[in-house]
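A.B. asks: Below, each chain spelled out in residue letters.
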Amino acid sequence: MTWLRVFVWRALGLFTRRRRDSELHDEIQGHLDLLAEAHVHRGMTPGDARGAARREFGGVDQLKETYRDQRGLPLVDAVGQDFRYALRQLRKNPGFTAAAILTLALGIGANTAIFSVVDAVLLRPLAYPDPDRLVAIDESTPTRPAIPVNAMHFLSWQADSQSFDRMALIDGIAVNVTGSGEPELLIGARVSPSLFPMLGVRMQLGRAFRDDEDRVGRDHVVVLNDELWRRRFGADPNAIGRTMTLDGDSYEIIGVLARDFRFPSFRHLYSLPSTAPRPQFWKPFGIRDAERDPVGGFNNICIAKLKPGVSLSQASLELEREQVTIASQLPERIDLHALVTPLQAQIVGRSRAGLQLLLGAVGAVLLIGCVNITNLLLVRTIGRRREIALRRALGAGRGRLFRQMLVESVTLCGIGGVAGLGVAYAAIRLILIVAPADVPRLDEVALDGRMLFFTFVATTAVGLFIGLVPAWRSAGVPLMDAMNVRPGGVSAGRGAGRMRSLLVRAEVAVSVMCLIAGGLLLHSLANLLTVDRGFDVEHLVTVNVNLSGPRYRTPETRVAFRRAVIERVQALPGVSSVGVSNKLPLTGVGQNSALTLEGTTVPLFDRPIADVRPVNPDYFHTWDIPLKAGRIFEPADGDRPVALVSEFAARRAWPGEDPLGKRFRFGGNPNGPLYEVIGVVGDVRNINLDQAPAVSAYVPYWQRDAQFASLAIKTTADPAAISSAVRTAVREVDPELPAPAIRTMDEVVTESTAERRFQMNLVLLFAAAAMLLAGLGIYGVLSHAVVQRTNEIGIRLALGAEPGEVRRMVLKDAVVLVGAGLAVGVPLALVVGSSLRALLFGVTPRDVPTIAGACAVLTAAALLAAYVPARRASRVDPMVALRHE
Amino acid sequence: MASSQAAEVPYGTLDLMVLKTLEAMSPLHGYGIARRIEQVAQGSLALNQGTIYPALLRLEQKGWIESEWGTSENNRRARFYSITRAGKKQLAAEAESWARTVAMVSRLLEDQP
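Read top to bottom, the protein sequences are chains A and B.
Just so we're aligned: the first sequence equals residues 1 to 885 in our numbering.
Just so we're aligned: the second sequence equals residues 1001 to 1113 in our numbering.
It should be emphasised that the hints constitute simulated quantities derived from the structure, not laboratory data.
Backbone N, C-alpha and C define an ideal beta-carbon position, used for all residues, glycine too.
Keep in mind that the hints are not guaranteed to be accurate.
As a list, the in silico BS3-like pairs of lysine-lysine whose alpha-carbon atoms are at most 27 Å apart [unchecked claim]: (1) Lys1062/B / Lys1089/B; (2) Lys1062/B / Lys64/A; (3) Lys1088/B / Lys1062/B; (4) Lys812/A / Lys1062/B; (5) Lys1020/B / Lys1089/B; (6) Lys1062/B / Lys1020/B.
Simulated coverage check for chain A against chain B, where a stretch passes if three residues somewhere in it have a Cβ under 8 Å from a Cβ of chain B [as the list claims (entries may be wrong)]: (7) 19–31; (8) 151–165.
Facing chain B, according to a computed beta carbon distance under 10 Å, are these residues of chain A, among others [to be verified]: (9) Arg5; (10) Glu37; (11) Thr45; (12) Arg71; (13) Leu75; (14) Glu657; (15) Leu660; (16) Arg663.
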């Protein structure tokens, strides 16, 4: 351990330099005095004695130098010196320093912010115990890759499988809470009691569910999340034991979740498109009798925890065997499979590609920013050749110069990095505000120790990156050349010039890649917004009412509500028509049901799955969905089961036949009503804009029940005015219903594309930044080249060249730079582009117009950047230029 | 004193000499140590007295000697060095290895015909 002692001594020596210096001085002086005295004793004169003492002692200054080197850490000493020198240098060039630090701060800050998002969403394990053992389970058939889980199948997995510690079933519910406070629509979850221990849920109050509460009749207990407890109960600890009226039934509040516990959103857990948010409360699952049907009700989320040491594939294999057993006992022949996905992948999988693209784009901006600073440093190196040469002549080694230059760039980056942290903090706040709710786990984003570490690593890496080339070049300056340099002379740094234009080409290549990516996203969004949705959104105001609770125990009561509300809203001034259905378009899946055609022999799971919408006759007119054949049902149809199908549904169910008059049932129940197709309507993108129109079937709302009543109101009136009138109408029909959410359909469309917009805006922002920086890079290189070539340009002009020719010469240089950059960037973009496929809509990664557009924009920017130096070149005064030495 | 026949200090032996000196008579200031070494060498060693200071620092960093400010015989402030327990152990080890080296080298030289 002696070395450690020595190191500590030396390290301490760095801080006590001054005291130790004076101590050493005293010690040596004392020594010399004693030595001189001894000589005087032997008869020397004091003067001779001092001289002799010095000779005997040896070189005092040499000794002090050796002593100092040995006392401290010479490297640290020297770096400290370099550091102070670097600060001086940076202060001397405030323009350069400010530009570089700003670039670095923005680059590092943006990267830290985006990385912290990527880290929170993709990299960090889920905040539950043993996150790598948590999985999501879905069922699947050869035609449908992921189907939510049937409760009966879940029960047999739970009973028989050996791979899992625990399994839990989750189902989303929407209830109206009444009683104390305003009536309100709450989103909750029915969950197996095993879920909370599996996710390591901590309660801040009360308890979690007991296993015996997972039964209908005993399941009237609820656990609240912190937000709901604060909002409705004012954070009262005595809320435990109180009751809450949900849909008219009273539930005992038994617990409140810890404030920081985050339950995933349904839309991220559910394997079908959904817009449902996080639950606000939980109750035991309590499988209902209606759900004890092994071929219906594929509605639930299933989460399970693998036993330690059991792999994903082992668990999959076991569940596959289970599915074969289950299928063999079903009345229908079904080819049933199971899909086991790591829970983290299930939650964040759909966001992965977008975030990776963002990380790539923001990294590219930093890269280009670095290249620009490297270029500036290179220019400065050329300007400092004389200084460097002088240092070398005075004995500074190459290593020393190299180090000094690196310390300068690292210092620059250090300042940029610290400022970058501030930028990152602001950017994260901004992202959290503008980000759509669709991004999972976004609330876990924070500027923490991991981010500080990231910033530190990024800063150091950037510092080395931007400093390495200039440092290497300045250390490599041949002494004689450097001493001979005339300031601004032609001979200054041809090699550096080549290096700089190479770097600018790289910038162009990287920024064209960003532009292409941004362009593809822009093109996709434009496609998405102009895609033929099959319905019209103009002048549409939408209302969503949850019909649950004591007044809506039977389908008839819901029908009556719909009828009454339609009547009242229709009568409002400015309303031209009202459509009602169970779910608004573009808000995920609604009622799904297999179409069982009359006389079919097709196995249940291979029958077309239809999106079923119970609607009123005016629905089609309100949404502008065209009638293609037959007629629309009317009140006179009464209880006669009639249906309309979409064109796609007709083609899928009865290819090549006339669908009118054909009959079918919904689902597998052979005793269900037999619906007759009386009309065919246009195809509609009901689920999502980016999902092709599904098989759709429309039935009279008075024949088929639905929990939600979604009204679409076609009106020329002001949406705000109509909203309050509609709220009043709803209250008149049922004063106990929560005030419904009212939005224009434009808002619904915007919301459904929010994540795409968010991604696209950020990528375009980064692409614009990349282009701006690349433009600055081109400007810098050409300006410098013009200055260097002032002489030559002067000669050309003196020999009769037109200013226009000179301008073109410089612009040609710009075109060459850009052309070379594009020649590399475009092929690279083609290679990398395929990873974007998941993010694109209606455009391939090799879309020629997009790529050509990106190239054109970048070339235009480059020419713009080149114009100033070109103009300057054409205005060179030959007389001045020839004297320009 | 430095004479024309005086040898340079063999590399690495200065530390050993300083340690030995301090073992015999601590505490001692730098001048005293230098004097003592010269006396023992009886003029057979060319020692720049200043060179013992880096050696003293080295030994102190390794924890083999320690120092303290005091007053010298001519009433000046001086730093007095003394050997530590670790230093004594180190001295014993180095003295033994030195003796072995010397013995080995002597044998080698004597055996040569």
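A.B. asks: Failing hints, ascending?
C.D. replies: As far as the earlier hints go, 4, 8, 11, 13, 14, 15 and 16 are violated by this structure, in ascending order.
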